[in-house]
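So the protein lines, in turn, are chains A and B. Counting from 1, one number per residue, gives the positions in the first sequence under the working numbering. Counting from 1001, one number per residue, gives the positions in the second sequence under the working numbering.
Note that these hints are calculated values from the structure, not bench results. Positions of the beta carbon are idealized from the N, C-alpha and C atoms, including for glycine. Hints are supplied without guarantee of correctness; some may be wrong.
The following label-pair restraints were derived from C-beta to C-beta distances [as the list claims (entries may be wrong)]:
| no. | chain 1 | residue 1 | chain 2 | residue 2 | range |
| --- | --- | --- | --- | --- | --- |
| 1 | A | Pro187 | B | Lys1606 | 40 to 48 Å |
| 2 | A | Trp272 | B | Arg1487 | 52 to 60 Å |
| 3 | B | Asn1012 | A | Asp138 | 54 to 62 Å |
| 4 | A | Lys52 | B | Ile1263 | 54 to 62 Å |
| 5 | A | Ile170 | B | Met1001 | 50 to 58 Å |
| 6 | B | Tyr1009 | A | Asp166 | 44 to 52 Å |
| 7 | A | Lys260 | B | Thr1608 | 49 to 57 Å |
| 8 | A | Trp272 | B | Thr1608 | 55 to 63 Å |
| 9 | A | Ile170 | B | Lys1640 | 21 to 29 Å |
| 10 | B | Asp1400 | A | Glu140 | 56 to 64 Å |
| 11 | A | Asp189 | B | Thr1608 | 26 to 34 Å |
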Amino acid sequence: MIKEYLENWTGLVNTVKIGATPQEGGTRRKTITVGGEKTLAFLFKEGHLPNKPVIAYEIWDIKPIDWPEELTNYYSDVWSDPLDWAEKVANVYKADLLCVRLMGIHPEINRDIDYELNFIKNLLKRVNLPLIIVGCGDDEKDNTVLPLCSQITKNERCLIGEVTQDNYKILTAAVLADGHNIIAQSPIDINIAKQLNILISDMGLSFDRIVINPTVGALGYGLEYTYSIMERLRLAALNQDKVISSPFICFVGQESWRAKEAKARQDEFYSWGKESRRGPLWEMITAVSLVLAGADILVMRHPKAIEKIKEYIELMFKNNF
Amino acid sequence: MEKFKVTFYPDNKTIEVEKGKTILSAAISAGVYINSSCGGEGVCGRCKVILKKGTVLSQPTGRLSLEERRHNIYLACLATIQSDLEVEIPEESRLIFEKLSPEELGLRLKGLYAEVEEVESSMSILENVFIHSPLATKLYLELPPPDLNDKISDLERLYREIRKRHQIPIMQTGLANIRRLGEVLRSSNWKVTVTLGKRNGTVEVVLIEPGNTSKRNYGFAFDIGTTTIYGQLIDLNTKRILSTKVTYNKQAVFGPDVITRIIYAQEEDGLEKLHHAVVDVMNEMIQECIREHSIDLNDVSCVLCAGNTTMIHLLLKIDPSYIRREPYVPTANFVPTIRAAEAGIKINPRGLLSCIPGVSSYVGGDTVAGVLSCGIEREKDLSLLIDIGTNGEVVLGNRDFLISCAASAGPAFEGSGVSCGMRASSGAIQKVKVNPLNYEVKFSTIGDTKPKGICGSGYIDIIAEMLKAKIIDKAGKIILKDHFRIRDSDYGKEFVIAFGNSTLSGQDIIINESDIENIKRAKAAIFAGVSILIRHMGFDFEDIKKIFIAGGFGNYLDIENAKLIGLLPDLENTRYIFVGNSSLAGARQVLLSYEAMKKAGELASKITYFELSVEPSYMEEYMAALFFPHTDSLRFPNIKI
Chain A
1 MIKEYLENWT GLVNTVKIGA TPQEGGTRRK TITVGGEKTL AFLFKEGHLP
51 NKPVIAYEIW DIKPIDWPEE LTNYYSDVWS DPLDWAEKVA NVYKADLLCV
101 RLMGIHPEIN RDIDYELNFI KNLLKRVNLP LIIVGCGDDE KDNTVLPLCS
151 QITKNERCLI GEVTQDNYKI LTAAVLADGH NIIAQSPIDI NIAKQLNILI
201 SDMGLSFDRI VINPTVGALG YGLEYTYSIM ERLRLAALNQ DKVISSPFIC
251 FVGQESWRAK EAKARQDEFY SWGKESRRGP LWEMITAVSL VLAGADILVM
301 RHPKAIEKIK EYIELMFKNN F
Chain B
1001 MEKFKVTFYP DNKTIEVEKG KTILSAAISA GVYINSSCGG EGVCGRCKVI
1051 LKKGTVLSQP TGRLSLEERR HNIYLACLAT IQSDLEVEIP EESRLIFEKL
1101 SPEELGLRLK GLYAEVEEVE SSMSILENVF IHSPLATKLY LELPPPDLND
1151 KISDLERLYR EIRKRHQIPI MQTGLANIRR LGEVLRSSNW KVTVTLGKRN
1201 GTVEVVLIEP GNTSKRNYGF AFDIGTTTIY GQLIDLNTKR ILSTKVTYNK
1251 QAVFGPDVIT RIIYAQEEDG LEKLHHAVVD VMNEMIQECI REHSIDLNDV
1301 SCVLCAGNTT MIHLLLKIDP SYIRREPYVP TANFVPTIRA AEAGIKINPR
1351 GLLSCIPGVS SYVGGDTVAG VLSCGIEREK DLSLLIDIGT NGEVVLGNRD
1401 FLISCAASAG PAFEGSGVSC GMRASSGAIQ KVKVNPLNYE VKFSTIGDTK
1451 PKGICGSGYI DIIAEMLKAK IIDKAGKIIL KDHFRIRDSD YGKEFVIAFG
1501 NSTLSGQDII INESDIENIK RAKAAIFAGV SILIRHMGFD FEDIKKIFIA
1551 GGFGNYLDIE NAKLIGLLPD LENTRYIFVG NSSLAGARQV LLSYEAMKKA
1601 GELASKITYF ELSVEPSYME EYMAALFFPH TDSLRFPNIK I
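For reference, chain A alone in the conformation it holds in the complex:
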């Protein structure tokens, strides 16, 4: 009989709380807490894992541009109004967490800023789930709009992003003032992830308000590279590197549904099988891998993929092996 070898970790991942209930000065029905791991994913014998990974439904403020037909089948009925979309994932799919991408502010679309702010205001009224708000990826527009979003959602303890090493000051200042958390994005690079956390905390935002987006790739598109970077970051955290002990957010849906293998129709590649099964599987397998790497928040798209990954997480936690 070989003796079981158990690692004794001394560090832990920071706990980040998203959403604020009326008692806490917000209007959310509940809060979501992520992080707090004292060991690697599912290694219950080595340490406590107080919080399960959570799934955030990704919705947009406009009708998505490049979402494939498989996703259209589930959402096209609500794409005329993003508020309906939010309501559908909350009520029909029983989402725990919502991730709103403000693609409408992108310079190529250039929606009116007031319109966007109204959308956020109304979203707070219509759906009382904790919120993640992300910009369009254009630094200039994000720096203009996201601080305003931060203001109007003050005290709701949202998770807002994203900041990068070259552009972190403006949004960090806003998030700091309005009591939110921030997403720190780094390009699959441990050092930059760490440096960005230092830069953000230098501005006064405490480490328990930072969530790292390590930048991920989908299955077949650099997933293993992503995996090893996340694992190394997590190992550093478990070895007491406080600076890098942040939970991870992974944009699984966005990456998975870019893969040809996920979105191609069966009539193009007959042997690949039905896209209604293949697509969600692609997203789900990507998600499973990232959960194993230590993901805390998975931003996903397909209701079936989300259902399955939730089942998987429940199963793993129930078995508690």
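Keeping the supplied structure of chain A fixed, place chain B upon it in accordance with the hints.
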């Protein structure tokens, strides 16, 4: 092809060149020196010239202000010749020999404000470790004239007289001297001075002069750096340093680092040009020194050079190309002592040239000289020598072992490749304080003159102060906004250190984000090299008891600030010992003692070379160090920004 005449002032040299060539390349062909630390890439903005007559075509460049353009100032590397030209080279673009007075030298080596132990004074103690026996000694002899009872030949007679004074079993003499011998002895009435040179284990009668010239015996010690060349005139009898001079290496016009120079050496006449560039500088330095002290060139009997392996190859006109090719083997690490004239060095025509042996392609005799002068090999405790120069050599060890690596840092700390950089010489901003409340800048310059530029230690201070005042973030980006010292430029944002109304040239002295990036890379390369070497040997930073800091800029250094920016490990200041130019000090010792020369040979064989470029973790270490002070703050526990 159409040809045009280009005349350079104040040199008053004219050359005919093809249309479309750059002014810089014309200057090089004409043997006229124009500063160019980027190697003619249009990046450094140092090769400014004034067009007096004629037309040129020039690419647009951000390195020239509107005001300068209006005054017909061009960058020599970008301006192509379209007609006959008259070009004036302004003083700041010329090669200038900086003379370091003994007082200044003493002051510098004291480290002025650095809270570190000062070593140059103890250096003289070190020098006494080695017996005084210079590379070339002079001996005045009064020979008994031959008669019928004493009929041995002239040469044997000379040897017999020498052996009366010294135990020298084997001696040799060149044919040219033997041919002259009979006449010289007789015309001088058998009273002659012989110069004895130590050549590769034997002694050579280098020179025979009539009369007594033994009081006049001089030598030169050189430190030939990739960016900077130091030369020192030494009285070999008294061991006194008569003059120290420093200037940039003229080879810089062919590329900023050893690799680009090796590549350039492959081009047609490339090796020839590189060789001449360095030899010219040395000859000019020698001329200046002997003129100052009214010394006859014939009384300069030897030259001793410490340089990195590439510099020594180029000095001796040996093809350096194999240094760059796997498995990175130089043609020679141990170069025998030769006649200086063979390498084109103008001293006494029969004088000697010796080079301190190197360890490998990338750790050369300059490092060996440094180790020798710091005495690491005699230490019981673990010591570290860091040369903060272009090649960033690091040596770790004690009396049991010595291991070295070269962390290619680039010339930023020598004031090259940065927009307002300059060598640590008169007018260089060397110490800076920034008020964190109103961003007021206070600085002092070398020689207390109006500021001309910023030297390495100035840059270290500036970046440390900007970090403390939160003008830049830890990634090196300027985050201060809406202040009259902050401006946008083609090279990112810039911070004005001194406005034009208070500077020597009338131009603003600034630091921009690209400069900060350059310094950050340089410090990261050095720190990564140090970390890897220490870890490779299974030690921790804590285990290092003494850290010797050397470097051309290293004459002033605020250790606290160097730690703050992450250049040096976070250890107590008492462990740091500041040695300035340890390579020149080592060269001087070897010049003055044959024993030191032998020791240098032993060291070169003893030092193990550790190749960073094949070490997989080097890149990772380097990337992690690209932050102020470091991505891993645990390595700098005492640094609080």
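**Study point:** Numbers of unmet hints, in rising order
**Key:** none
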